[in-house]
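Novice: Given next are the chains, with one letter for each unit.
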Amino acid sequence: MTGRYKSVETKYMEARDRMLRALRGLDRRTFFKVSAASAGAALAKGLVPPHSFQLVEVANAAVDKNWPQTGMQGKPPFTFAYISDTHLYTKKLNERFVRGALKAVEDVNALDPQPDFVLFGGDLAQLGRKDEMRLGAEILKEVKAPIKIMVGEHDWFLDMGETWQELFGPPNYSFDWKGVHVVTLMSVYEKDFWTDRHMSPDARMHTVAGLDNGLQSRFEVGDAGREWLKNDLSKVSTDTPLLVFSHSPLYKYYRPWNFWTEDADQAQEILKPYKAVTVIHGHTHQMLFNRIGNISFYGMLSTAWPWPYAPQGLPPLTIQMDRADPFDQFDACGNGRMNVADGGLVDAVYSLWDRNPVTITQRYLASNGAEDRPPAPRLLSY
Amino acid sequence: MLVISAGTLLCGAVYLPWHLHAAPDPLPRHILPQPEAGGVVVGLCDGKTSIEVPWLKPGQRMTEEQARGVSNALMAKWREQHPDAQWQMTQVQTNPRQGQAGAPVGPQAGQGEVYERLTPREQMIADAETAKFIEEGKEIFHDPGKLGGTIGVSCDMCHPDAANTHPETYPKFQTQLQRVALLRDMINWCIENPVKGKPLSPDDPRLRALEAYIVAQRNGTALAYGKH
Numbered sequence: 001m002t003g004r005y006k007s008v009e010t011k012y013m014e015a016r017d018r019m020l021r022a023l024r025g026l027d028r029r030t031f032f033k034v035s036a037a038s039a040g041a042a043l044a045k046g047l048v049p050p051h052s053f054q055l056v057e058v059a060n061a062a063v064d065k066n067w068p069q070t071g072m073q074g075k076p077p078f079t080f081a082y083i084s085d086t087h088l089y090t091k092k093l094n095e096r097f098v099r100g101a102l103k104a105v106e107d108v109n110a111l112d113p114q115p116d117f118v119l120f121g122g123d124l125a126q127l128g129r130k131d132e133m134r135l136g137a138e139i140l141k142e143v144k145a146p147i148k149i150m151v152g153e154h155d156w157f158l159d160m161g162e163t164w165q166e167l168f169g170p171p172n173y174s175f176d177w178k179g180v181h182v183v184t185l186m187s188v189y190e191k192d193f194w195t196d197r198h199m200s201p202d203a204r205m206h207t208v209a210g211l212d213n214g215l216q217s218r219f220e221v222g223d224a225g226r227e228w229l230k231n232d233l234s235k236v237s238t239d240t241p242l243l244v245f246s247h248s249p250l251y252k253y254y255r256p257w258n259f260w261t262e263d264a265d266q267a268q269e270i271l272k273p274y275k276a277v278t279v280i281h282g283h284t285h286q287m288l289f290n291r292i293g294n295i296s297f298y299g300m301l302s303t304a305w306p307w308p309y310a311p312q313g314l315p316p317l318t319i320q321m322d323r324a325d326p327f328d329q330f331d332a333c334g335n336g337r338m339n340v341a342d343g344g345l346v347d348a349v350y351s352l353w354d355r356n357p358v359t360i361t362q363r364y365l366a367s368n369g370a371e372d373r374p375p376a377p378r379l380l381s382y
Numbered sequence: 001m002l003v004i005s006a007g008t009l010l011c012g013a014v015y016l017p018w019h020l021h022a023a024p025d026p027l028p029r030h031i032l033p034q035p036e037a038g039g040v041v042v043g044l045c046d047g048k049t050s051i052e053v054p055w056l057k058p059g060q061r062m063t064e065e066q067a068r069g070v071s072n073a074l075m076a077k078w079r080e081q082h083p084d085a086q087w088q089m090t091q092v093q094t095n096p097r098q099g100q101a102g103a104p105v106g107p108q109a110g111q112g113e114v115y116e117r118l119t120p121r122e123q124m125i126a127d128a129e130t131a132k133f134i135e136e137g138k139e140i141f142h143d144p145g146k147l148g149g150t151i152g153v154s155c156d157m158c159h160p161d162a163a164n165t166h167p168e169t170y171p172k173f174q175t176q177l178q179r180v181a182l183l184r185d186m187i188n189w190c191i192e193n194p195v196k197g198k199p200l201s202p203d204d205p206r207l208r209a210l211e212a213y214i215v216a217q218r219n220g221t222a223l224a225y226g227k228h
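Residue numbers (this note's numbering), protein chains in the order written: chain Z, 1 to 382; chain C, 1 to 228.
Hints listed in this document are in silico derivations from the structure and should not be mistaken for laboratory results.
Note that the Cβ used here is the ideal one computed from N, Cα and C, for glycine as well.
Keep in mind that a hint or two might mislead.
To be verified - Label pairs and their calculated CB-CB ranges:
{"no.": "1", "chain 1": "C", "residue 1": "Ser201", "chain 2": "Z", "residue 2": "Gln165", "range": "43 to 53 Å"}
{"no.": "2", "chain 1": "Z", "residue 1": "Arg99", "chain 2": "C", "residue 2": "Pro202", "range": "48 to 58 Å"}
{"no.": "3", "chain 1": "C", "residue 1": "Gly220", "chain 2": "Z", "residue 2": "Glu106", "range": "40 to 50 Å"}
{"no.": "4", "chain 1": "C", "residue 1": "Arg121", "chain 2": "Z", "residue 2": "Arg134", "range": "57 to 67 Å"}
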């Protein structure tokens, strides 16, 4: 393409880049000026937000105001990104899933400013093999921000977590980040279905790897896991915002596909006394939101393939992503970014590859869908 | 030698349960008597009634009018052999069963030997064979090896329980293919692209079994061809 003739898109992107560059280093007052100018420009073009890129103040919002849900004094906000469900085979067998994972790493490395950390949401490997997981670890090493890793069932059931723990440590851990208590919870234990059936580790892994396979047990945090969680939270005041990472949704969505945690009710009970709780989960490979009591739930996208929505049990607050285009192998896949505001609640940005990003705000979930409702999908799941 | 006439009453789908099996056995054929007057023997779809058209030489085509005359003659012969049968009534009574393969059929008065009257034993065979065929499809659907895939991807990875395959929406014009697609075209698209295997020929037992499994998962869904 020559420099003389530029498409509308190119001109738009250039204007946008110029403005975003100009925004860096603005003080608060100037920010408002630019923001108002961009709103004016959008208005002049006959565009109504959110259809144009009108600036919204995110970064400056938090410093010293009360958060209505919790009554807490403001904490510095932060951002983290996620990559999830890469389901890697070895590169020799399946190059596409590797490309998906690499694409996600590129995406999060391109974020400016960089996120405080990157969460990996589990199912790094497809069949729990050492070579798959080593490849995954190698790819994740390329992530510039610190990485927090969670385990999925595909990582676990070949050698019952041996390799994964060797590479990444214990599956349950917690840390404090800018006033938020962050917990990574292993939620995909299963009761023994293999011994009585004389299954080899390989057969066990293949059984767990199938979603519509009725043979396996349901996911659970388990007695020991819930004890660990109770114990971990015993040192945390109920005013502290909680951010919980689990691979399976920590609620009951659709049992036949294990979009489900069998002891979810008991796990939720442990989280109930806390004023602001957000659970971020993998496994379901789709845009998925739920609100139960004080807990907001967000599902993560996969980099390997999207799942269709289950025929029953979809949480009513969920805004579905458009049905995946079978002619685009990366459609409805992606990664994302979470903006943690003061009060510890989360705005989730779903970066769907080849589509417009979708933002699900904390207000949308906290208001039970009354406010900030994102646009409905055009093509629903059948 | 069998000549297919233009007569609509001669349409000849034969129902026998073992045809549904995935193994590519040759389909049974009606055996017609040899012509006695040097003409052509034309058979009715019951496999028993036939007449010889003496003025028709092998390889010759009938006009539409002639063909209609021959089908009327065939039907007249069938009625003569089944004086108590009520063909029209049978049509009405079998229609409501469409889409309910495996539903039991009770003996119906006055139907003689017409289409789709199954004994309980035949019904049992029909049910078992259909279930087996669907099960074969399910296995292929879940197995990258049986699909001929090369990258470890199987259908169920994106379509658990065949979800989001919507067989009821075909045929439909698929812009990306620039043609009207049938379910099998989409199955083959998936086999060739995300699964990275070789497309299956339309009579490949694996493709037939896959179709059976996918359609069976949507039992009871209203047909909505052309829907996007």
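Novice: So, for every hint listed, does it hold in this structure?
Specialist: Structure-based check of each hint:
1. At roughly 48 Å, the beta carbons of Ser201 (chain C) and Gln165 (chain Z) sit within the given window of 43 to 53 Å.
2. At roughly 32 Å, the beta-carbon separation of Arg99 (chain Z) and Pro202 (chain C) lies outside the given 48 to 58 Å, and the hint is violated.
3. At roughly 45 Å, the beta carbons of Gly220 (chain C) and Glu106 (chain Z) sit within the given window of 40 to 50 Å.
4. One distance hint, 57 to 67 Å for the beta-carbon pair Arg121 (chain C) and Arg134 (chain Z), holds here, with the actual separation near 58 Å.
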